[in-house]
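Let the sequences and hints guide you as you build the complete structure.
Chain residues, written in single-letter form:
Protein chains: 2
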Amino acid sequence: MAKQVKREDIIRAAMDLIAAQGFHGAPMSMIAEKAGVGVGTIYRYFENRDVLIKSIYKEIEERLVAYLTKKYPSEEPVRICFFHIAKGLVTYFTQNPMDFKYFEQFHYSPFGEAHRRNRIFKSAGQPDIFMELYERGLAQQVIKNLPPTVFFNLTFAPIVWSLRDHILGMVAIDDSLAELLVTSCWDSVKI
Amino acid sequence: MAKQVKREDIIRAAMDLIAAQGFHGAPMSMIAEKAGVGVGTIYRYFENRDVLIKSIYKEIEERLVAYLTKKYPSEEPVRICFFHIAKGLVTYFTQNPMDFKYFEQFHYSPFGEAHRRNRIFKSAGQPDIFMELYERGLAQQVIKNLPPTVFFNLTFAPIVWSLRDHILGMVAIDDSLAELLVTSCWDSVKI
DNA sequence: ATATTCTGAATGAATGTTCATTCCTAATAC
DNA sequence: GTATTAGGAATGAACATTCATTCAGAATAT
Chain A
0 MAKQVKREDI IRAAMDLIAA QGFHGAPMSM IAEKAGVGVG TIYRYFENRD
50 VLIKSIYKEI EERLVAYLTK KYPSEEPVRI CFFHIAKGLV TYFTQNPMDF
100 KYFEQFHYSP FGEAHRRNRI FKSAGQPDIF MELYERGLAQ QVIKNLPPTV
150 FFNLTFAPIV WSLRDHILGM VAIDDSLAEL LVTSCWDSVK I
Chain B
0 MAKQVKREDI IRAAMDLIAA QGFHGAPMSM IAEKAGVGVG TIYRYFENRD
50 VLIKSIYKEI EERLVAYLTK KYPSEEPVRI CFFHIAKGLV TYFTQNPMDF
100 KYFEQFHYSP FGEAHRRNRI FKSAGQPDIF MELYERGLAQ QVIKNLPPTV
150 FFNLTFAPIV WSLRDHILGM VAIDDSLAEL LVTSCWDSVK I
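Taken in order, these protein sequences are the chains called A and B. The numbers in numbering that gives the first Met the number 0 rise by one with no breaks, and the one at position 122 of the first sequence is 121. The numbers in numbering that gives the first Met the number 0 rise by one with no breaks, and the one at position 16 of the second sequence is 15.
Hints were generated in silico from the structure; no laboratory data involved. The structure displayed is predicted, hence computed values, not measured ones. A hint or two may mislead.
Identical copies look the same in the list; a pair holds intra-copy or inter-copy alike.
Computed cross-link-like contacts, DSS-like style, restricted to lysine-lysine with a CA-CA straight-line distance of at most 27 Å [what the hints assert, rightly or not]:
(1) K5 with K33
(2) K189 with K143
(3) K69 with K53
(4) K189 with K86
(5) K53 with K5
(6) K86 with K57
(7) K189 with K69
(8) K69 with K86
(9) K143 with K86
(10) K57 with K33
Here's what the structure looks like:
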């Protein structure tokens, strides 16, 4: 088996287990078994458990940021840009529920404490598209005068919570509900 | 020392430790030391660790529900009732940050999985004030036609996230910002 | 072409640590 | 003197990590 393949197997196994059962339900021995490798093998690819967990997070984050910034309509009005990001978030996580669950596990754990929330939108070296949106909105007086943190919370918290409910099967977010949800978030901050 | 006092000491110690460090940073030995009792003593008051953790949750929940339903203006319009609950939430958790942190730890843990979110507003035997609010709002056509879950998320998720940021010192929620925040949540669901 | 040596990836039993829980002894109350 | 409560050392289970050993295949020699 090619080297890269084995690394992928380990990442996949760990991600699925952690997403499904949390960090506790995923001891190294179980990850190894699910990946079809020996426990020791994992340590040939990742220095230790923490490094493995953080690597998985980084991979997911990269995929998500790539998805959101692809075709980002930076020249369009603030409202259009916001809808692009917000709906992109819904689409991406609806299609990749394991990524969502892993993110959530990671975020609410000692690992996640270190990560600042707004950094998610900052792909390495790129300008932060979220802060750009916020500042442009303020300057053009299309959004309320709120601290950036609160603006972020009003626009994204309901989406994240609803995605969670969708993935847990408590509510079905189809296209029309997604539209309604994102519009409502916008309604909360628009002037 | 009176029996009840010792029980309180244990609960207080466990709550503070868990709120500050998470479930991991609070082994039974540490709880015992902080409470000023022997490890074995804890097991005279609580069957095991899980029972202790759930008992603390229940105590906090009772205090919160009591606070929110006290002076609840059930005869007033939906909007007024919503503001009462939402601002009560902000006030309570601003004044009791440890309760908030404990709630958060609990909610994002294997324990919390079992608890359904909307049950928070259901004090034993009482009608669920949240569902009552939602149904009245729908009937009177003052709120958008959304599933209850999404309505809940739009109105409370930004508040919870902002409380978190406030308690972590990332933003200062004073009275005027609280007013703005709660109003914005209402704006997202009102017709 | 075949045999021999070398390399380093893969493995999982063994180790050390961290805890929840138990249980025997000491202290205290009645 | 007996019963109840407190204490904390001892126990055992769960886990992350290590490391001596195996072994397939590459390199080299014959």
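Structure-based check of each hint:
1. Taking CA atoms no more than 27 Å apart as the test, K5 paired with K33 passes inside one copy only; the shortest distance there is 12 Å, against 46 Å between copies.
2. In the homo-oligomer, the alpha carbons of K189 and K143 lie at most 27 Å apart both inside one protomer (6 Å) and across protomers (17 Å), since each shortest distance falls under that limit.
3. Taking the closest pair of Cα atoms, K69 and K53 come within 27 Å of each other only inside a single copy of the chain (24 Å); across copies the shortest separation is 45 Å, beyond that limit.
4. Taking the closest pair of Cα atoms, K189 and K86 come within 27 Å of each other both inside a single copy (17 Å) and across two copies (21 Å).
5. Taking identical chains as interchangeable, the C-alpha atoms of K53 and K5 lie at most 27 Å apart only when both belong to the same chain, with a minimum of 18 Å there against 41 Å between chains.
6. Taking the closest pair of Cα atoms, K86 and K57 come within 27 Å of each other only inside a single copy of the chain (22 Å); across copies the shortest separation is 37 Å, beyond that limit.
7. In this homomeric assembly, K189 and K69 come within 27 Å of each other (Cα to Cα) only inside a single copy, at 25 Å, whereas the closest approach across copies is 33 Å.
8. In the homo-oligomer, the alpha carbons of K69 and K86 lie at most 27 Å apart inside one protomer (13 Å), although the nearest pairing across protomers, at 39 Å, exceeds that limit.
9. In the homo-oligomer, the alpha carbons of K143 and K86 lie at most 27 Å apart both inside one protomer (21 Å) and across protomers (19 Å), since each shortest distance falls under that limit.
10. In this assembly of identical chains, the alpha carbons of K57 and K33 lie at most 27 Å apart only when taken from the same copy (21 Å versus 37 Å across copies).
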